[in-house]
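Trainee: The residues making up each chain are set out below.
There are 2 protein chains.
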Amino acid sequence: MPFEISDDFLDNLSELIAKDQSKEITTLFEDVHFADIAEVLDELDFDEAIYIIKLLDSEKTSEILTELEDDIREKILENLSAKEIANEIGEMDSDDAADIIGELSVERQDRVIKALNDEELAADIKELLSYEENTAGALMAKELVKVYETWTVAGCMRRIRGQAKEVTRVHSIYVVDKQDKLVGRLSLKDLIIAKSDQKIADISKDSVDSVNVDEDDEEIAKIMAKYDLEAIPVVDKNNVLVGRITIDDIVDVIRDEADKDYQMAAGFSKDVEVNDTIWELTKARLPWLILALFGGFISVSVLGSFDGAMKNYPELFFFTPLIAAMAGNVGVQSSAIIVQGLANDSLRGSLFKRLLKEILQGLLNGFVLAALLMSAGMLFLGFPLNLGVTVAASLISVIIIASIIGTFIPIILAKRGIDPALATGPFITTSNDILGILIYFSIAQLVLGF
Amino acid sequence: MPFEISDDFLDNLSELIAKDQSKEITTLFEDVHFADIAEVLDELDFDEAIYIIKLLDSEKTSEILTELEDDIREKILENLSAKEIANEIGEMDSDDAADIIGELSVERQDRVIKALNDEELAADIKELLSYEENTAGALMAKELVKVYETWTVAGCMRRIRGQAKEVTRVHSIYVVDKQDKLVGRLSLKDLIIAKSDQKIADISKDSVDSVNVDEDDEEIAKIMAKYDLEAIPVVDKNNVLVGRITIDDIVDVIRDEADKDYQMAAGFSKDVEVNDTIWELTKARLPWLILALFGGFISVSVLGSFDGAMKNYPELFFFTPLIAAMAGNVGVQSSAIIVQGLANDSLRGSLFKRLLKEILQGLLNGFVLAALLMSAGMLFLGFPLNLGVTVAASLISVIIIASIIGTFIPIILAKRGIDPALATGPFITTSNDILGILIYFSIAQLVLGF
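Chains as they are written, first to last, in the working numbering: chain A, 1265 to 1714; chain B, 1265 to 1714.
Rather than coming from a laboratory, the hints here were simulated on the basis of the structure. Glycine residues also receive a C-beta, built at the ideal position from the N, C-alpha and C atoms. Please note: incorrect hints may appear among the correct ones.
Residues of chain B clear of chain A, computed beta-carbon distances all greater than 10 Å [said to hold, decoys possible]:
#, residue
1, Q1285
2, H1297
3, S1394
4, R1433
5, D1444
6, I1457
7, D1492
8, L1550
9, G1559
10, V1594
11, Q1597
12, R1612
13, K1621
For lysine to aspartate or glutamate, the following EDC-like pairs were computed, each having C-alpha atoms within a straight-line distance of at most 20 Å [stated by the list, open to error]:
#, chain 1, residue 1, chain 2, residue 2
14, B, K1490, A, D1523
15, B, K1469, A, E1383
16, A, K1524, B, D1520
17, A, K1490, B, E1391
18, B, K1490, A, E1537
19, A, K1621, B, E1391
20, B, K1324, A, E1331
21, A, K1339, A, E1383
22, B, K1575, A, D1571
23, A, K1490, B, D1360
24, B, K1486, A, D1516
25, A, K1490, B, D1513
26, A, K1617, B, D1306
27, A, K1490, B, D1473
28, B, K1617, A, D1478
29, B, K1469, A, E1521
30, B, K1339, B, E1544
31, A, K1486, B, E1494
32, A, K1486, B, E1323
33, A, K1390, A, D1492
34, A, K1490, B, D1295
35, A, K1486, B, D1454
36, B, K1617, A, E1544
37, B, K1486, A, D1374
38, A, K1490, B, E1323
39, B, K1486, A, E1323
40, A, K1453, B, E1544
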């Protein structure tokens, strides 16, 4: 079933475009899903993509536009007139339409909205644009099927036949009172099973999950995943039904959030994508690297302050990268598990218990690793006992302290309202590097006395 | 709307259980969603959890069981008889039922399946258990609404009223031919809008996305996310309709996959959770730490082999953690972006172009960082020029090589069918540490000649 984009297909298409064989191209794309056409367009030269957008009918191109990569869509929209964009927008659901108009400059937004034939859609888009990013309001669509509690099943079916044509997918039918306040829901299935003279109020479910229009999108994702919901109605502060969010948009929120956390842990300062330009990628990578360099500088100073050891115990310096690396790895492990626990709301119990648990893990890991290190160092590198003890004791201390830091930095960040995922990656590695080296040489000084 | 578990609530509940006030407890949970009750049970003592499972009716407890954390469910199932488990299973959808039975020992599986009253469900469960893990077959449910293409809308509505009662959510109605082969689909909405004397074949959509029963679950997640599907039918190799997968199960696949990648990058060798025991957590952390220790050992040997520099250029050794850290950070960035590109199928273009892109990024990052490092080293630490040049040149080389390694290891792993996420984290950091130090001292030897 998946449509595969081959080089042959692309070459053939480019040739058809060059020869302006519009009929052949239309036929070629006839049975291809818009998400696949969007992928083809992402691969084509920009002029070729524009050619195809202008060629296909707006019912298809409106869907393609919503699926394109952001930078390519931006360029295409720049090459369309306000009227042409309005034609595309007119075919979209209100949430997709608002997303795309939101990418335009304010001045172009006005012109496109004015050019829309559909006044209701124009009003919906204006409303959706007014909500803050990453809230239920910005995510929801205005299209939904709504019935009044006083209606009968038969009357309801008649009205739904009208409303449903506008709504791509009917998950639930929302039941409202005279003031448009959400009072219940029923599924199409319930309606089909019911007798035609029953009242809606009698067959609808009273308890209906809903979210407020200001709710954060990640919170909505958690709620929908937890309760296995496929759509959730959105209400304003007076409980008036204003829109609905469907699971396909939430799937995107979940994927974006996972990507963001992963990139943050890997040391990117902003959202990037493998096909971004070298300049964009470098801009995203450099800030954390500069921070790491700065941290590295501190570690240079720390090492410099222990240069008295150089004379009698030069071997100590051979171990600094090992100690620093272990501190970094342990810290990242500890913080990653906390970041995930925070993300899944599964972090429970007191801070003290958490601390104890980390120290015990640190001890367990530390003893195993220190024993390995000490025996290997003494057997293969011929270390004297006091040096072996120093390195082993340092390793255990460093691992325990790195665990504690890795655990508490994300917890503290989360308490202050900062994304805890910021803690993993370069931040933890760098601070643990420095601290690890400091602890290591302090213990060495204590044991060996230089 | 979200139900919050407070300490007061838990204390109150424990007291009611101790006093065996079953009526009050039943009332307490009356309007609470089963996913919330599962969270309460995760918090309670084990005996208390068993008490509640035995108290509430199986319609509710069957749902609670599917939502519980694995280890707690395992313990509860151990304390229920085969007949009691069969009663719970009897209330579940076939996919949930098979998942839970699959956790039992083979011998208990047989006893529970024999104890089921519902022969159709028993057969369905046996079939679902026969598919390999992480395939469409293991993920799908047998419950679906199916109609024959020759039926009329009116006849179809009658039959659906019967079938739909069994199916929790009707997304699509699947149209099959006489041999039960999938030939189309229609939505409930289409059915409601249609006239009652129309033929199903006339209103159904011919092109229907489906997946084969052997398809990998991550592949299905990609397909459903790409095409915004809420359910997808599953067919066997003869295109006979055998089940369907719904988006809520796919949401779990996406979340699990993201968690797995994140943990792999953080250096866990198996799936862990913040509330796991110290022993389980240590077992998951130790393997990568031992690998990192082994890598650290190699870096010790590399440094030891350059001990000739100790006499004239001791400062060189102060920079080893800095160089190693930069190599590690750059490597993780490079591999993370490739891992994501591979996961999203967005990695295109030739390997040569990819290499060039990485080298250019490395040069850009490298020059900025080397300039910072050199000026800071010479200004604040009073380095002579030749030392400054050595460290700066090494940093640039190390960054470029770390980028290349970070880029190509995940690509090579993916080509060999190994999860590329394995590359990020300790593996890349450790190998880049060693290589970074080696490059650094080799360049130093060349420039300074010790």
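Trainee: It remains to establish, for every hint, whether it holds in the given structure.
Mentor: A quick look at each hint next to the structure:
1. Q1285: About 25 Å separates Q1285(B) from the closest Cβ of chain A, which puts it past 10 Å; holds.
2. H1297: violated, 6 Å
3. S1394: holds, 24 Å
4. R1433: violated, 7 Å
5. D1444: holds, 19 Å
6. I1457: Check fails; 5 Å does not lie beyond 10 Å.
7. D1492: violated, 4 Å
8. L1550: Label violated. Min Cβ-Cβ 6 Å, cutoff 10 Å.
9. G1559: violated, 7 Å
10. V1594: Answer for V1594(B): violated, closest chain A Cβ roughly 7 Å.
11. Q1597: The claim is violated: Q1597(B) sits with its nearest Cβ about 5 Å from chain A, within 10 Å.
12. R1612: R1612(B) is in fact no farther than 10 Å from some Cβ atom of chain A, at 7 Å.
13. K1621: violated, 6 Å
14. K1490(B) to D1523(A): holds, 16 Å
15. K1469(B) to E1383(A): violated, 31 Å
16. K1524(A) to D1520(B): Roughly 16 Å between the alpha carbons, so the hint for K1524(A) and D1520(B) holds.
17. K1490(A) to E1391(B): violated, 28 Å
18. K1490(B) to E1537(A): holds, 17 Å
19. K1621(A) to E1391(B): violated, 43 Å
20. K1324(B) to E1331(A): violated, 41 Å
21. K1339(A) to E1383(A): Since the Cα atoms of K1339(A) and E1383(A) sit roughly 27 Å apart, the hinted pair is violated (cutoff 20 Å).
22. K1575(B) to D1571(A): holds, 12 Å
23. K1490(A) to D1360(B): Holds: K1490(A) and D1360(B) sit about 15 Å apart, inside 20 Å.
24. K1486(B) to D1516(A): Given that 20 Å is the threshold and the Cα spacing comes to 11 Å, the pair holds.
25. K1490(A) to D1513(B): holds, 11 Å
26. K1617(A) to D1306(B): Holds, at roughly 17 Å.
27. K1490(A) to D1473(B): The given pair, whose Cα atoms are some 27 Å apart, is violated under the 20 Å limit.
28. K1617(B) to D1478(A): Answer violated: K1617(B) to D1478(A) is near 45 Å, above 20 Å.
29. K1469(B) to E1521(A): Since the Cα atoms of K1469(B) and E1521(A) sit roughly 34 Å apart, the hinted pair is violated (cutoff 20 Å).
30. K1339(B) to E1544(B): Holds, at about 17 Å.
31. K1486(A) to E1494(B): With Cα atoms ~18 Å apart, K1486(A) and E1494(B) stay inside 20 Å; holds.
32. K1486(A) to E1323(B): violated, 24 Å
33. K1390(A) to D1492(A): Distance ~31 Å between K1390(A) and D1492(A) Cα, so the pair is violated.
34. K1490(A) to D1295(B): Measuring from Cα to Cα gives roughly 16 Å; hence the hint holds.
35. K1486(A) to D1454(B): Measuring from Cα to Cα gives roughly 31 Å; hence the hint is violated.
36. K1617(B) to E1544(A): holds, 17 Å
37. K1486(B) to D1374(A): violated, 36 Å
38. K1490(A) to E1323(B): holds, 18 Å
39. K1486(B) to E1323(A): Measuring from Cα to Cα gives roughly 24 Å; hence the hint is violated.
40. K1453(A) to E1544(B): violated, 46 Å
Hint check: violations occur at hints 2, 4, 6, 7, 8, 9, 10, 11, 12, 13, 15, 17, 19, 20, 21, 27, 28, 29, 32, 33, 35, 37, 39, 40; the rest are consistent with the structure.
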